[in-house]
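Undergrad: First to last, the protein sequences are chains A and B.
Using the working numbering, the final residue of the first sequence is 269, and nothing's skipped along the way.
Using the working numbering, the final residue of the second sequence is 456, and nothing's skipped along the way.
A hint or two may mislead.
With beta-carbon atoms standing in for the labels, derived distance ranges [said to hold, decoys possible]:
id, chain 1, residue 1, chain 2, residue 2, range
1, B, S332, A, S80, 52 to 58 Å
2, B, E177, A, R46, 46 to 52 Å
3, A, G85, B, V431, 51 to 57 Å
Worth flagging that the hints you see were computed from the coordinates, not collected in a lab.
Cβ atoms here follow ideal geometry from the backbone N, Cα and C, with glycine treated the same way.
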Amino acid sequence: MSQPPVIELSGVCASFRGRVVHRDLSLRVEEGQIVGLLGGSGSGKTTLLREILGLLRPDSGSVRLFGVDLNEPDVQLQRDLRRRLGMLFQHGALFSALSVFDNIAFPLRELRCLDADWIRRLVHLKLAMVGLEPMHGKLMPAELSGGMVKRVALARALALEPELLLLDEPTAGLDPDRSQNFVELVGDLQRELGLTVVMVTHDLHTLAGLATHVAVLADQHIIAFGPKAEVMTVDHPFVTGFFGADRRKLL
Amino acid sequence: MSESPRLLVEPGRVKLSGSWTLAEMLPRLPALQAELAACPSGIDHWDLSAVTRLDSAAAVLLWRTWGARLPAGLVAGELHRQALQRVAELPREIPEQARTPLRFPELVGALLLKALVNLRGMIALFGQLLLDVGYLIRHPQDVPWKECWANVYKAGAQALAVTAMVGFLIGVTISYLSALQLKSFGADLFIVNILGISIIRELGPVLVAVLVAGRSGSAMTAQIGVMRVTEEIDVLSTMGISRSIRVVLPKIFGLTVAMPLLVLWTSSVALFGGMLAALLQLDLSLIYFLDNLPRAVPVANLIIGLSKGVVFGFVIALVACHFGLRVKPNTESLSANTTSAVVTAITTVILFDAIFAVFTRHIGVPQL
Ligand SMILES: Nc1ncnc2c1ncn2[C@@H]1O[C@H](COP(=O)(O)OP(=O)(O)OP(=O)(O)O)[C@@H](O)[C@H]1O
Ligand SMILES: [Mg+2]
Chain A
19 MSQPPVIELS GVCASFRGRV VHRDLSLRVE EGQIVGLLGG SGSGKTTLLR
69 EILGLLRPDS GSVRLFGVDL NEPDVQLQRD LRRRLGMLFQ HGALFSALSV
119 FDNIAFPLRE LRCLDADWIR RLVHLKLAMV GLEPMHGKLM PAELSGGMVK
169 RVALARALAL EPELLLLDEP TAGLDPDRSQ NFVELVGDLQ RELGLTVVMV
219 THDLHTLAGL ATHVAVLADQ HIIAFGPKAE VMTVDHPFVT GFFGADRRKL
269 L
Chain B
89 MSESPRLLVE PGRVKLSGSW TLAEMLPRLP ALQAELAACP SGIDHWDLSA
139 VTRLDSAAAV LLWRTWGARL PAGLVAGELH RQALQRVAEL PREIPEQART
189 PLRFPELVGA LLLKALVNLR GMIALFGQLL LDVGYLIRHP QDVPWKECWA
239 NVYKAGAQAL AVTAMVGFLI GVTISYLSAL QLKSFGADLF IVNILGISII
289 RELGPVLVAV LVAGRSGSAM TAQIGVMRVT EEIDVLSTMG ISRSIRVVLP
339 KIFGLTVAMP LLVLWTSSVA LFGGMLAALL QLDLSLIYFL DNLPRAVPVA
389 NLIIGLSKGV VFGFVIALVA CHFGLRVKPN TESLSANTTS AVVTAITTVI
439 LFDAIFAVFT RHIGVPQL
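Please construct the entire structure, taking both the sequences and the accompanying hints into account.
TA: This is the structure we're talking about:
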């Protein structure tokens, strides 16, 4: 049984106004992997996630999700594909005009198949999953703290029960307790549903607790990809600098 | 490995299999719901051991089928049980978010209160402005000249083309329509009076005010509003820069200076359009028109027109800034306030126009 890889980027090049961000970047993520994407600030991690989402078209190279090329012209196919993934944006990107409850309920309502009671239960379930109280549902995004924005955004990303979860710095701005909860939550979901996760993170703790694989983005492409322990031994200035003294502790 | 969700009803027990996830359920959701609803309610044996995946949407569906309790004879793997347990831990009755409908008197009262709050806000802003001007007179080096002139340029110079075009067309239209009437009375020469008074005193200022309210007023509200949404306004105050001096004052100054100039410009172009139409329609030469304009239209009308320009410009900018500062940090409020700003600005301008009309009714009307 040969499943197509969940994400397959090959030979991707991207540039902004002549400044190259990705050069000949290739990445292959299989089902069920939790990939930690590492890279310096401004190295193009968010850009990579945007390419995977199809928000940014690379100059050349191909992006395939679940075996489907993002350049496929079939609109229905593309829409169904988008439903299978959830994204947590770096700055939350909550709908500022909608309350927390409505933000999470929005993608569910768009399905036009679920009744109000079902949606309400699901939303409260997601709120509980990310450690928020039901009463937080009434708040507007502007009334949330930075960490709460992150958690609501995560709840919204989880709303459609995605098979592929893209997380841009999910634990930045969370207290250690909450990041531990997050690690447990995503780990549980992964075991229950066989999720595939790609997460950008600078947090060693999250990385150690969650990631099965690590991809390192430097010099405009993925310089190393593989199981956590393997990548940590790679001899590259960024990798040695990043893990530094903690290398042994993580192993 | 993703096979569709299935259920098999055997006497005394129900067996579920396949992958019970939202994505897999969606294509045949109504059928599934019907099948679940058709299960005899007495059954307590639910076998979930053949379920490969169970997500929270499916867990909620099953939970509801079971009447909000876990069946006694539930067979399920540890992971699936956890998913169900999460649903079970939710409060039994989740209260709906109550939205009380507004009754009519309440609606009227709310609108009235809102109007009063806005009026108060505008008066407060006006007061703040006076204080700022007082401060700037004592500290002339703090005057943000660059922003002020930038606003004059944005609200004035960049609006020249559109106001000229609209003014010209309106001039032509009025002249043409009046000429048709005047011709039948043989009173061709009065076209100068009609055009002169109506455009210089009334139409020019109001026309420009409506255009500027839509063009610059909305832009001002949106700009200040977005600065609120992105917290840029707060950054200004943390830097010790007064937002009213740096953001509001230049806008009000810019529009108050630019408006009378725009009025002058638009009225001239409109008169020119009217003259051309009169030339074509009534054979009235341009020289004759210009010669007779000062006689038919006392110069007081020009002064009234220009003062209207100053007042309208000030009012539009004040209203726009007031609504901009009221924007709450969300997109809905931004759009609502931009709309309110334009509508309120135009309404207020017309109100002020009426006040002008009443108080200047004896001034500048030619005695024949
Ligand atoms: N829309 C854009 N237009 C122009 N340049 C951009 C744009 N988006 C990103 N860049 C540039 O691309 C580079 C990579 O940006 P990206 O946001 O992917 O970095 P990142 O790896 O996510 O960094 P961080 O860890 O700080 O979030 C940066 O140098 C940035 O300036
Ligand atoms: Mg980023």
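Undergrad: Confirm or reject each hint.
TA: Verification of the hints:
About 54 Å separates the C-beta atoms of S332 of chain B and S80 of chain A, a value consistent with the hinted range of 52 to 58 Å. Against the hinted window of 46 to 52 Å, the Cβ-Cβ separation of E177 of chain B and R46 of chain A comes to about 38 Å, which falls outside the hint. Distance hint check: the CB atoms of G85 of chain A and V431 of chain B are about 53 Å apart, consistent with the given range 51 to 57 Å.
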